[in-house]
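As given, the protein sequences belong to chains D and S, one line each in that order.
Under UniProt numbering, the very last position in the first sequence is 407; numbers go up by exactly one each time.
Under UniProt numbering, the very last position in the second sequence is 96; numbers go up by exactly one each time.
Derived by calculation from the structure, the hints in this document are not laboratory data.
Each residue gets a CB set at the ideal place from its N, CA and C atoms; glycine is no exception.
Among the hints, erroneous ones may be present.
Facing chain D, from chain S, some residues (calculated, C-beta under 10 Å) [said to hold, decoys possible]:
| id | residue |
| --- | --- |
| 1 | 25 |
| 2 | 47 |
| 3 | 50 |
| 4 | 54 |
| 5 | 55 |
| 6 | 60 |
| 7 | 87 |
Some chain S residues flagged as far from chain D (calculated, every beta-carbon gap over 10 Å) [claimed, not checked]:
| id | residue |
| --- | --- |
| 8 | 16 |
| 9 | 24 |
| 10 | 57 |
| 11 | 70 |
| 12 | 74 |
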Amino acid sequence: MSRTAVVTGLGVTAPNGLGTESYWKATLAGESGLGPVTRFDASGYPSRVAGEIADYVAEEHIPSRLMPQTDHMTRLALTAADWALADAGMDPAELPEYGVGCVTSASGGAVEFGQRELQNLWSKGKEYVSAYQSFAWFYAVNTGQISIRNKLRGPSGVLLTEQAGGIDSLGQARRYVRKGFPAVISGGVDAPLCPWGWVPQIASGLLSTVNDPARAYLPFSAEASGYVPGEGGAILLIEDAEAARTRGAAHRYGEIAGYAATLDPPPGSGRPPGLRRAAENALADAGVTPGDIDVVFADAAGTPALDRAESAALVALFGPRAVPVTAPKTMTGRLLAGGAALDAATALLALRDGVIPPTAHVTGPAPDQQIDLVTEAREAPLRTALVLARGHGGFNAALVVRRHPDA
Amino acid sequence: MPTTSTTTHVTLTLTDLTRMLRESAGEEEGVDLDGDVIDTPFMDLGYDSLALLQVIGQIQREYGIEIPDDAVVDAETPGALLALVNAGQAGQADAA
Numbered sequence: 001m002s003r004t005a006v007v008t009g010l011g012v013t014a015p016n017g018l019g020t021e022s023y024w025k026a027t028l029a030g031e032s033g034l035g036p037v038t039r040f041d042a043s044g045y046p047s048r049v050a051g052e053i054a055d056y057v058a059e060e061h062i063p064s065r066l067m068p069q070t071d072h073m074t075r076l077a078l079t080a081a082d083w084a085l086a087d088a089g090m091d092p093a094e095l096p097e098y099g100v101g102c103v104t105s106a107s108g109g110a111v112e113f114g115q116r117e118l119q120n121l122w123s124k125g126k127e128y129v130s131a132y133q134s135f136a137w138f139y140a141v142n143t144g145q146i147s148i149r150n151k152l153r154g155p156s157g158v159l160l161t162e163q164a165g166g167i168d169s170l171g172q173a174r175r176y177v178r179k180g181f182p183a184v185i186s187g188g189v190d191a192p193l194c195p196w197g198w199v200p201q202i203a204s205g206l207l208s209t210v211n212d213p214a215r216a217y218l219p220f221s222a223e224a225s226g227y228v229p230g231e232g233g234a235i236l237l238i239e240d241a242e243a244a245r246t247r248g249a250a251h252r253y254g255e256i257a258g259y260a261a262t263l264d265p266p267p268g269s270g271r272p273p274g275l276r277r278a279a280e281n282a283l284a285d286a287g288v289t290p291g292d293i294d295v296v297f298a299d300a301a302g303t304p305a306l307d308r309a310e311s312a313a314l315v316a317l318f319g320p321r322a323v324p325v326t327a328p329k330t331m332t333g334r335l336l337a338g339g340a341a342l343d344a345a346t347a348l349l350a351l352r353d354g355v356i357p358p359t360a361h362v363t364g365p366a367p368d369q370q371i372d373l374v375t376e377a378r379e380a381p382l383r384t385a386l387v388l389a390r391g392h393g394g395f396n397a398a399l400v401v402r403r404h405p406d407a
Numbered sequence: 001m002p003t004t005s006t007t008t009h010v011t012l013t014l015t016d017l018t019r020m021l022r023e024s025a026g027e028e029e030g031v032d033l034d035g036d037v038i039d040t041p042f043m044d045l046g047y048d049s050l051a052l053l054q055v056i057g058q059i060q061r062e063y064g065i066e067i068p069d070d071a072v073v074d075a076e077t078p079g080a081l082l083a084l085v086n087a088g089q090a091g092q093a094d095a096a
């Protein structure tokens, strides 16, 4: 029998709530964190709505020595990691020296820091570029800084599969647990709210140009017009169930029961996209059937074609309107590397409390999308949840989380 | 703001240096930069070579001087870095 990976700690930084319980309360209440971009001057761009974290004061969370060498993204990630460890009641120093690893997801790295230093280079000269530019912008920086700060010497890594990365990092963390490592800090936090992070997303053609925060991101609806980007994400502490029991971990949000990733075929191949296969493989990996899934946390791309593809995959797998589907990311925006990690954390909170958080701003699915879209918080006995994610470029990832008997 | 002219030489003091250390690289918890630190190795003050590179960059910008890259390795304490910078400045002023 292979080892079981359980989630014993959560740390959430999200536009509609800083800290796990604050986020969860806002999410159940349908409180959105979307609003006009304030972090930079977006007036010249066609898309001007974002999910910004408004109440984060870095100096309250980050030591002085780390301030000059960290981007906003890494500060949020370090804070979320601190919270996840505190939530789990774990001090990594009490575990074997090489026992605790760190695997996070990333997209473009610390783009705000990187943009500032490149602007210094080209407008003022090389003498004005921070020495910390050597690593602070780098896409592996969250894993690196979390590892250094917590003196982790176990296996580490970073996964770049755009919005699918949050799930892929949890899948990789589970691999390390199965190999015998007692704990892995995992998940993802991203912060692309600067021109460098904004322009590539506009270029993808997938960003909404509706600039009413309540109308900009309406996945699965007849008015779907693209997505809204946001910042933040979640860090999760993944532990070997036996190790968690041995150290007397206070709680388990659930078990990483199934994971799978697929790649879409190239455009024009005529073959179907890979999301359904990812979901099927994750269910098989968890040893469950579609009837065992109590709720689906959707990728919810927000563009009609991608929404229809996801709805079709869900209908093919579960049947029409056969399982509740939700997209609480309508309250945070899509968080790039942080998004699927936050969805996984949200699914675990739903399992804990027996309540499905709503898809905000959406009144119902478009007539051609036969899904049971949850638009108001719904209480339900929840044991097993499926989390789906798609990353730009053809990445698909699926995660099955299940309540754990030790909870 | 100190002059950036290379023909006027300004002596860098420990107070200047600790201010720039704080601004460029932050301050390690449990370290008091206002204490007697002039002969304390930078490593013991919580600064690695990258932090020194960062503060040397700030000194160069604020004072309009050039400091050899080797300073990061050669100057192991605040006192040594001050001596190196001020001697270099004197050298530049003499050359002018």
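(request) Run the structure past the numbered hints and jot down the numbers of the failing ones, going up. (result) Structure breaks hints 7, 9 and 10.
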